[in-house]
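Colleague: Chains as they are written, first to last, in the UniProt record's numbering: chain G, 1 to 219; chain E, 1 to 219; chain X, 1 to 219; chain F, 1 to 219; chain R, 1 to 219; chain A, 1 to 219.
Calculated from the structure, these hints are not laboratory results. Incorrect hints may have been included.
Restricting the straight-line Cα-Cα distance to at most 30 Å, the calculated cross-link-like pairs of lysine-lysine (BS3-like) are [what the hints assert, rightly or not]:
1) K210(R) / K83(R)
2) K210(E) / K83(E)
3) K83(F) / K83(A)
4) K63(G) / K83(G)
5) K63(E) / K83(E)
6) K63(E) / K210(X)
7) K63(F) / K210(G)
8) K210(R) / K63(A)
9) K83(A) / K210(A)
10) K63(G) / K210(F)
11) K210(F) / K63(F)
12) K63(A) / K210(A)
13) K210(X) / K63(X)
14) K83(A) / K63(A)
15) K210(R) / K63(R)
16) K210(G) / K210(F)
17) K63(R) / K210(A)
18) K83(X) / K63(X)
19) K210(X) / K83(X)
20) K63(G) / K210(G)
21) K83(G) / K210(G)
22) K210(F) / K83(F)
23) K83(F) / K63(F)
24) K83(R) / K83(X)
25) K83(E) / K83(G)
26) K83(R) / K63(R)
27) K210(E) / K63(X)
28) K63(E) / K210(E)
29) K210(A) / K210(R)
30) K210(E) / K210(X)
From chain X, some residues computed to sit far from chain E (all C-beta separations above 12 Å) [said to hold, decoys possible]:
31) D16
32) T29
33) S43
34) K63
35) S113
36) D140
37) V144
38) D153
39) R154
40) R187
Ideal Cβ placement from N, Cα and C applies to all residues, glycine included.
6 protein chains.
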Amino acid sequence: MVINPNSSDCVTEAIDREVEPFRRYGDFTIDVCGTPGAPPGVSYQTDADVIGPMVQATMAREKASAYIIACFSDPGLLGAREKFDDAIVIGCGENAIFQAMTDGDQFGIISLSIFSTRRQRRKVRMMGVAGRYVGSRGIDSNAVEATSPELLDRMVRAGRELVDLGADIVVTGCASMSHFREPLEDRLSIPVIDPVGSAVSAAIGRCILKRRHGRASAS
Amino acid sequence: MVINPNSSDCVTEAIDREVEPFRRYGDFTIDVCGTPGAPPGVSYQTDADVIGPMVQATMAREKASAYIIACFSDPGLLGAREKFDDAIVIGCGENAIFQAMTDGDQFGIISLSIFSTRRQRRKVRMMGVAGRYVGSRGIDSNAVEATSPELLDRMVRAGRELVDLGADIVVTGCASMSHFREPLEDRLSIPVIDPVGSAVSAAIGRCILKRRHGRASAS
Amino acid sequence: MVINPNSSDCVTEAIDREVEPFRRYGDFTIDVCGTPGAPPGVSYQTDADVIGPMVQATMAREKASAYIIACFSDPGLLGAREKFDDAIVIGCGENAIFQAMTDGDQFGIISLSIFSTRRQRRKVRMMGVAGRYVGSRGIDSNAVEATSPELLDRMVRAGRELVDLGADIVVTGCASMSHFREPLEDRLSIPVIDPVGSAVSAAIGRCILKRRHGRASAS
Amino acid sequence: MVINPNSSDCVTEAIDREVEPFRRYGDFTIDVCGTPGAPPGVSYQTDADVIGPMVQATMAREKASAYIIACFSDPGLLGAREKFDDAIVIGCGENAIFQAMTDGDQFGIISLSIFSTRRQRRKVRMMGVAGRYVGSRGIDSNAVEATSPELLDRMVRAGRELVDLGADIVVTGCASMSHFREPLEDRLSIPVIDPVGSAVSAAIGRCILKRRHGRASAS
Amino acid sequence: MVINPNSSDCVTEAIDREVEPFRRYGDFTIDVCGTPGAPPGVSYQTDADVIGPMVQATMAREKASAYIIACFSDPGLLGAREKFDDAIVIGCGENAIFQAMTDGDQFGIISLSIFSTRRQRRKVRMMGVAGRYVGSRGIDSNAVEATSPELLDRMVRAGRELVDLGADIVVTGCASMSHFREPLEDRLSIPVIDPVGSAVSAAIGRCILKRRHGRASAS
Amino acid sequence: MVINPNSSDCVTEAIDREVEPFRRYGDFTIDVCGTPGAPPGVSYQTDADVIGPMVQATMAREKASAYIIACFSDPGLLGAREKFDDAIVIGCGENAIFQAMTDGDQFGIISLSIFSTRRQRRKVRMMGVAGRYVGSRGIDSNAVEATSPELLDRMVRAGRELVDLGADIVVTGCASMSHFREPLEDRLSIPVIDPVGSAVSAAIGRCILKRRHGRASAS
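Start from the sequences and build out the full structure, keeping to the hints where you can.
Modeller: Okay, here's the thing in structure tokens:
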């Protein structure tokens, strides 16, 4: 179960396209759903605030053994983990950051805007990993626009600024940017992590571990 | 404007009692309101999640030059600041922590439960002040119960554990505990900060500063 | 009681001008005094060292319920708090930093010189809040010169460098810079905190709280 | 390819037993090998030092798309990542710590000895995640002995000490302790992470991601 | 030149006894002097504040190529370094902490009192090394009393508490405790660092380096 | 005993030249030896990994009361300290960093390459001193090449970048750069620390302290 926590169909579809190839591994069913009634994207902290309970309501309604909150802001993640403590709950943002810390030494985040940048800084501090974060650089955009192919140059510019700040790995800070991962990696010559692909593959790994244990590792 | 972000009238009344003496200073009007429809208290992260947007809705409805979110979890605080950027928005928890860092060297928090403890740890890390925090100790209670006089012994026990951990100042981690501040201070022999009183006095200071500047300092 | 810990009359007068409007709130008497015999300003660490005991002597001589040490270096602050533990003692620097952490996410400081910059870095580390500090940028000046109107352009340049480093709020790192707050805020388009105004309003808030408690919160 | 970096056959067999159930997912071949000539376990830092190049030699000899270094000390991990930069290289220790930071708020590690404890502290600091680590508690044992069933009581005692220090999740700090995970979880009533199972499932996730990308994410 | 920054002759004599054996190495002259007019010891922050300028005055009066400030609080150290930037200035406290971080992994400090403990915490944070500090434990004493042989049991008790907190090396937090180093080390079974001996030997090393360079390294 | 942990004779000779003047102080014998069979320099983490056990083997073979590992990467340092716990073991890198933290407020490192930079970052984090480190800047070189006089301009450029990042002291991140210390200091106008000279003088200080104690301080 992959939850796009915003109401934009184009974002839900972009996520679904990214998830598609993962469906052929093993016998896991992966559903992607949007969040009708939610804002079209998380631009401001208030968007994340209003979306959090909606994500938790979707999880209460649609039973699954694992949920992915497919928004870099991870709206509702911590409450969901506390409430659904026998399910695997993966936050796109948190998971991408841990992958970046595995694959590189210092990471940077390409963010949509200065408001995203501040949310990301707070998340990084809350995660207790600020010592390996060089910062975020914005591209003055939003989740819907990020599904279009136009943004690559701006992302490359933001990525190069992050490299100048010491990043040896870059995370795209939005769930709609999967299609930019490969060209961005080519242009920047350092690894680029897409939060959606990273989250889906991590969730499959966690589901395998859970079956192995015969129960949730975190129960 | 002091917002009790839960729906418990007894908590709203306790806050109002604590606020009363502050009404005699200067010419500021201080209103206290509850949040009908909200959970009776913030026990879990999901409670804080659901309350955040309600607090922001109250702020949109009731105009004031300063708002106090009278819950230690500061639900909706960051979004509110972003959205109402010409108002003063004080979070009870954040403000009490900064006062503790002014008056003491290492602070600890008396929390309602292990769930509150985890939220407090995350807040402290997010605030970037973990280096001066010795931890939280719970009393297995909730916001409504905390208005009753029965809890003092448990609070003293939690406070002493915090002192053993190195705290030289203690914060009561709930907006309903104001009446315990003085006896707790007497029993622990170190300063105790009540988030409500601290927030109201800080808000008055900020209002005076705002008038002085003729506009919001943070606009 | 506001103590200008240097011997420069022009600085004392500048502080007095800034304090004047605050005198009309409530029934608090606010006196401003200088420190005859002290250096004309805190340029070097040795200046702060020599001034610390002078500030404490002034406090021992002039009884007040609250003292503001009106120098960003907070000379003598920690010793004063230990010694006069039933009084409110506000340090201009420390207090401005906490206000900046309330109103913004990452703060920077406009400093007088590279020597001030190093003192500020040490203070920020000692306060345990380095995770939210982007740094200080100097204007090659001193406390006396900062009372003149000439410095605005240099301060704007320093402020812009701080913004480039990620600051979303800026603190003026000297008690003589109050008159620059408003034009600087206009030029930088982010909030600017003046340590004197911030300290006086915070002290009034703390005095109100102390009256409420009928004794010092930190006793 | 799972590399047991010590020369103890009983440890290699224990790892193989833990890995077995994972072989039925997908079409990945998982081989487990020991390191003849290495010390029987990593008791001291010098053991880890001598084993690092051996692990890297094994990797140069045995081609695989992913390698797991099945020792909590992650000997040779960072050099291996630098050298084999088109392969996935998972360190048991590092990976378990990131899983603990996903599933819990504060983690502790059950270590073999005081020497392991110091290595773990250094690793945690080097990873930049010390803010969420409560510490390690030793059981005065070694990797070979840890394959026997006798140690459970000592592990429970160590785990309880970690809980008292604030841990809400515990990691077993040795690759031979997989069979203790479930009983330990039952006794401690908080989640327990086994580094081997966690690493294998994470490696499968990463292999799926790599196939999806058609090349190494970190190339 | 070793400066005892307090006025107690017995402390000056104790330092001189500790320094004596170092006089036989090389051709360096080592003088020990007290600070007439200073408080008998640094018990409170105000003592350190008043002593700082006195130490700097002594340095201005007595020319030497290296100065040791023989008090764990390092009164006047930072100002002295700024002012006498062609001399070597060693602070007993700072130097002992760096030696502890070289010889051990986590250090603790045996302090005279709760006031010393707070100064030490602030110093450790200001030095930016809090991540390796387990804390300080007091013995309710003062610098003069510490020259007597009575305190060993209390120091052992404090040292054991530091070991329980995770220290593998202990620093005696006062310049009058040199004679306790060896018996304390025997009782605690971990290394104990005496700030005076450590500072003198480090100063000799630094003088040799300075001669080698033909000028101050830090000029 | 100074161990050059690589196999390049020119580096061994450069170290010997730097050590020579220190031989005239006191009665200590200082031998310099290379490491036949080791890589010509530590370019990659795998070089450091392979060299660590060789350094420890040299120490086991050649008895001395103090050893200096004359490579900025400190290969084998931590294992050596654990194993030879009655000897003084100085790591060039670690020791230079502590000297930099004594003489300056924020330090930067001139590194050979991006690979060295990453090792340095990890070392700084592992040492727990990242709060005072502005970063490393590379000169695209290696240990052998660094013995030639050609590199000064590149080092000056790297040094200036570090100053721009806030460094007030710079460390040369390689044991072959001693001859650049003085000209670099002249060009940068801030102190420059050479790890070899710093380590030798510190080792002499520690040997004097050890004789004073009649046994190893850290035994």
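Colleague: Keeping to a limit of 30 Å between CA atoms, is the pair of K210(X) and K63(X) held or broken?
Modeller: holds, 16 Å
Colleague: Closest CB-CB distance from R187(X) to chain E, is it above 12 Å?
Modeller: Consistent with the label, R187(X) stays out of reach of chain E, its closest Cβ about 14 Å off (over 12 Å).
Colleague: Between K83(A) and K210(A), is the straight-line Cα distance small enough, at 30 Å or below?
Modeller: Holds. K83(A) to K210(A) sits at ~18 Å (cutoff 30 Å).
Colleague: Closest CB-CB distance from T29(X) to chain E, is it above 12 Å?
Modeller: Holds: least Cβ distance 15 Å, greater than 12 Å.
Colleague: Has the given pair, K83(R) with K63(R), been kept, meaning a C-alpha gap of at most 30 Å?
Modeller: holds, 13 Å
Colleague: K210(F) and K83(F) were given as a pair; does the straight-line alpha-carbon distance stay at or below 30 Å?
Modeller: The hint holds at about 18 Å.
Colleague: Does D16(X) sit more than 12 Å from chain E, CB to CB?
Modeller: holds, 14 Å
Colleague: Is the nearest Cβ of chain E still more than 12 Å from the Cβ of D140(X)?
Modeller: Its Cβ never comes within 12 Å of chain E, the nearest being 27 Å, so this holds.
Colleague: Are K63(E) and K210(X) close enough, with their CA atoms no more than 30 Å apart?
Modeller: Between K63(E) and K210(X) the Cα gap is close to 29 Å, so the pair holds against 30 Å.
Colleague: Are the Cα atoms of K210(F) and K63(F) separated by 30 Å or less?
Modeller: Holds - the C-alpha atoms of K63(F) and K210(F) are around 16 Å apart, at most 30 Å.
Colleague: Would K63(X) pass as off the interface with chain E, using Cβ distances and a cut of 12 Å?
Modeller: At about 20 Å from chain E, K63(X) clears the 12 Å cut-off, so the statement holds.
Colleague: K83(F) and K83(A) were given as a pair; does the straight-line alpha-carbon distance stay at or below 30 Å?
Modeller: holds, 28 Å
Figure legend: structure checked against the earlier numbered hints; every hint is met.
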